[in-house]
Each structure stands twice: as C-alpha cells, then as structure tokens.
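Produce the entire structure from the sequences given, and follow the hints as far as they go.
2 protein chains.
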Amino acid sequence: MKQSLATIRQDIRDGKWTEQTAGLASGYTQANLVILPKAQAYDFLLFCQRNPKACPLLEVTDVGSAVPKLTAPDADLRFDVPKYCIYRQGKLMEEVTNIEAYWQDDFVAFLIGCSFTFEHALMDNGLKIRHIEEGRNVPMYITNIACEPSGVFHGNMVVSMRPFHAKDVVRAVEVTSRFPSVHGSPLHIGLPEQIGINNLLKPDFGDAVMVKEGEVPVFWACGVTPQSIAMSSKPELMITHAPGHMFITDMKDSHYSVL
Amino acid sequence: MKQSLATIRQDIRDGKWTEQTAGLASGYTQANLVILPKAQAYDFLLFCQRNPKACPLLEVTDVGSAVPKLTAPDADLRFDVPKYCIYRQGKLMEEVTNIEAYWQDDFVAFLIGCSFTFEHALMDNGLKIRHIEEGRNVPMYITNIACEPSGVFHGNMVVSMRPFHAKDVVRAVEVTSRFPSVHGSPLHIGLPEQIGINNLLKPDFGDAVMVKEGEVPVFWACGVTPQSIAMSSKPELMITHAPGHMFITDMKDSHYSVL
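Here the protein sequences come in this chain order: A and B. To convert, note that position 186 of the first sequence is 186 in the working numbering; the numbers rise steadily by one, no gaps. To convert, note that position 3 of the second sequence is 3 in the working numbering; the numbers rise steadily by one, no gaps.
Misleading hints may appear alongside valid ones.
As the list claims (entries may be wrong) - Taking beta-carbon pairs under 8 Å as the criterion, some of the chain B residues facing chain A (in silico): (1) Y42; (2) Q49; (3) V152; (4) E236.
Stated by the list, open to error - Derived lysine-lysine pairs resembling PhoX-like cross-links, with alpha carbons at most 20 Å apart: (5) K202/B / K252/A; (6) K69/B / K38/B; (7) K53/B / K38/A; (8) K202/B / K69/B; (9) K53/A / K83/B; (10) K53/A / K38/A; (11) K38/A / K234/A; (12) K69/A / K53/B; (13) K53/B / K53/A; (14) K69/B / K53/A; (15) K53/B / K38/B; (16) K212/A / K167/A; (17) K212/A / K128/A; (18) K38/B / K234/B.
What the hints contain is simulated information worked out from the structure, not anything from laboratory work. Glycine is no exception: its CB is placed at the ideal position from the N, C-alpha and C atoms.
Okay, structure coming up:
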C-alpha cells in the first residue's frame, strides 16, 4: 500500500525513515537542500541565479525560519530530511538525521530542484532510466565547465548521466526542456570528453551504469553541484541533505512544467 | 536602413537617443532595470526569486559594477539606458538620461526580462499586438494579486493586457510559455474583474487600447511591478529605467526560449 505524504514526512521527522527517498511519495516534488548563515546567503542566492541549470531554486526561507512556507508550509527543515551533511570549511564533518542542535537564528535554507522530477516525466513518456533499472544511484561527474562565480562561491559544474538509445534522445530533450526549474534540458549529449569526462565508468559521485551498444550518454546539470561548490569554496559552515536523501515538498511535479 | 546594436548603444550612451526603445535593435533582448544599494539587494533578489513571473531575472551585477558582464559585457548601465527614474522613499523625484552623478560603490543592478521579447515571438507566429497596431504604449493595471513579500519589499502585481481573437488565445499561451525568463505564460485570461481590474479603459500605466467584439483580454505579469513595489515599499533610494526606455542586451530573444 502506498503511504501518504503526511505519513512519510512524519516517519522522517520521527527518525523512523533515514534512507534515500527515491520513489517515495510518488508525484511530489523532491528537493536538494542547502543551509547557510545569512552572511553567505546573498552570494549563494546570486550563485543560483547565475547558474540556473545546476541550481534551480524552488524556494528560499526567511532568515531564521526552518519552514518552507511556499512549498511545504507544515514542514520543518530541521527534521524533515532523512539525513543531513554538515560541512565545515568545505569538509564533510558529520552525517546526522536531524539538525536541531545545529540550527542558528541566522540560517537561510535553499531548496533546489531535483532530477527525480524530470525522471518521472521521462518514464511517463516511456523512456527507461538505466540507473533505476539497475537499482543504482545515478552516475555523477565533475565537469570542466566552470560555474559563473558569485562572491565566495565558485567551482565546476556537476552533471548526472543517463544513457538512451539514439532514437530516444530527441524525446528526452523535449520532455526535460519543459521543466526548467528542475535542471531543464540536457547540458550535453554524446561526447563526454568535451566536458572533461574521460571515463564514464568512474563517476565522481554515485554509481557507474552500463552504456549499451547504440546508446548515447546524455548529461544534465546536477543538484549535487552545491556540494562540489562547498568543497571548492570552503564556507565556514554549510549544511546540505545527504545525497539521495531529499526533502519532499507539498508540490506536485507537474506544477513545475512550463508547457 | 536598420542600425546595428553597437550604433544604437553608442547613440544612447552619448545622449543622442533619449526616446523609447520599442522596435530598436530588433531581435536583441531588452530589459527592465532596477538599481538598489547592497543593503537592500538581498531582499530584492529574493523578491525576484519568489515572484518569477513578474520579475524574471536576466542578470544581477556584482556590487559596485555597472557592467552586466554576462548579457552585455561592453555596456555601462550608468549611461546605456535612454532615460532613468530616480525614486526616493517611493516617490519619483527626477528623470535623467544618465546616472553618472548618482552612482554609488555599493550599487547592485538587476536586469529583468521584458515583454518585448515575447511580443516578437507572438508576431512571428502571426498574432497582431493591438497596442503596436495603434501606436500606443501597452495598457498596464495594478491587480489585487499580492506578490510574495521579501523583507521590505511587498505590494501587488502589475499586469499588461493584450486582446486577441478567441481563436488565437491558445496559440498566445503556447508561444509565451516557451519564454519563462521573460514573464512566460499569461497570468489570467478573460475575466479582468477576478484579478481586481474593473475598467479596462482606465489602465494604471500606459494607454488604453480597443478590445473588439469577439476578442478576449489576456494578461501577463509585467516588469513594471518593481516600480509599483518601490512605491508601496518606499526604499530610501531606487533607480529604474523610465517605462519603455529599456536597456538593450547583447543576447538574442531566441536565447531565452526553453523549447
């Protein structure tokens, strides 16, 4: 039996669900989380504006508030993510299941669109997602494409890769183009070495998947980019979700389609 | 003979062109301008993120820089707009043709998408724009729709109106949906009283245009919203372009289509 969003969120809040969220609360938009003190929030907000494919913003909370009042007004971002990462000076120091003890009055939380949304749309269109078929995490790579910097934030873009049979690539572009607020259309098709990826079998994050004869690798800007940016920019303190352990909003995926 | 973008920008910079920019440098994206001191920039940047249909951001300059390095790296926002408005405490104090004397080291400039871009797309699709046919300014109305507030910035959304024959309304939605970064799809179709507009013949900005028998009024979120927000939020100092006197970027309109 499928569980309701309310039940799932309560289980996460109570620490009963600390696993990945792929496939949970199907149809509801999941989001990447970045939390920074207000002193760094302007630079990061502008970083997102300048890099909308990697960091498409769904919502930014008011200073000191853990409530995303526009996309999930009953949620609390201190508890409602299954697992969090605490970065200090760009180093992952700890993984925790709530951040009550870390919360500061000057925190700002950024919710960033996640590829789960467009993967649902691709599957609705009959396209199979290899890493889901294989039961793995999506392969992610750090590219040679520099993000547009903003203040202290700089670094290279991270992309995710999904292989498709050549005949399906056009449809994959069409379907994902309709969702600019969850990474939108692909960043690159076909020649990974042109974006600094020399070995598809060795992703920087996630798991390698098989690219079969007659298939083309298709790359999308990835919401893991902020973690990579944290590592290169080394802010004093930055809290994120743990990869794959997303925040589930009240919004339906279809809400984010522009067409 | 059509003039090049470079010639037009030089004429504006030299103060030789101080008129509206509609139809100038056809194909190049024009932008609304808002300039605020850094102290207000975070709240305004977040205001734009929360109100993307009214305030779709094309670029935000670095603090103190008048150069929009991503959309027009050779331009200077102190000179390259034909006419500027100086607002103090929400009141329009002065209109000037350059802001050299007003520029401050803590200024941040926001370039916001403009409906000229989607009007070109509508005309390319064979749809006629009434206010252009009549040689008038587009009619704009303050609605009863509250913007999502951010810090000091609050107020109601401004919309522009274009009437279309009922048979053309669907195409108008389709065409403009492809341009989310220049206001995107309409905000409302058909019943102006539902969004607080009681008399189409009395716009709050611009000129009234004829709505003929068999036509439906279609409303888009409007880049004049920031001026209206300035009036209701009363920041100490805010500089904008004068309505219709836009900044012309180096970007082509087609760049902003997501599909």
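Evaluated hints:
1. The restraint placing Y42/B at the interface with chain A holds, with a minimum CB-CB distance near 4 Å, inside the 8 Å limit.
2. Below 8 Å, beta-carbon pairs count as interface contacts, and Q49/B has one with chain A at about 6 Å; its hint therefore holds.
3. The beta carbon of V152/B is not positioned within 8 Å of any beta carbon in chain A (closest approach about 13 Å), and the interface hint is therefore violated.
4. Residue-level restraint check for E236/B is violated (minimum Cβ-Cβ distance to chain A is 18 Å; threshold 8 Å).
5. With a CA separation close to 38 Å, the supplied pair K202/B and K252/A exceeds the 20 Å bound.
6. Of the supplied pair hints, the one linking K69/B and K38/B holds, its CA atoms being roughly 18 Å apart against a limit of 20 Å.
7. For the suggested pair K53/B and K38/A, the alpha carbons sit about 26 Å apart, so the restraint of at most 20 Å is broken.
8. With a CA separation close to 40 Å, the supplied pair K202/B and K69/B exceeds the 20 Å bound.
9. Note on K53/A and K83/B: the hinted pairing is violated, with a Cα-Cα distance of about 33 Å set against a maximum of 20 Å.
10. For a cut-off of 20 Å, the pair hint linking K53/A to K38/A is broken: about 23 Å separates their Cα positions.
11. For the proposed pair K38/A and K234/A, the alpha carbon gap of about 16 Å is at most 20 Å, so the pair holds.
12. For the hint linking K69/A to K53/B, the alpha-carbon distance of about 19 Å falls within 20 Å, and the restraint holds.
13. Our distance criterion of 20 Å between C-alpha atoms is met by K53/B and K53/A, whose separation comes to about 18 Å.
14. Only pairs whose Cα atoms come within 20 Å are accepted, and K69/B paired with K53/A is accepted, the gap being roughly 19 Å.
15. Among the hinted pairs, K53/B with K38/B is inconsistent with the structure: their alpha-carbon atoms are about 23 Å apart, more than 20 Å.
16. For the suggested pair K212/A and K167/A, the alpha carbons sit about 13 Å apart, so the restraint of at most 20 Å is met.
17. Among the hinted pairs, K212/A with K128/A is consistent with the structure: their alpha-carbon atoms are about 13 Å apart, no more than 20 Å.
18. Taking the CA atoms of K38/B and K234/B, the gap is about 16 Å. The hint holds against a cut of 20 Å.
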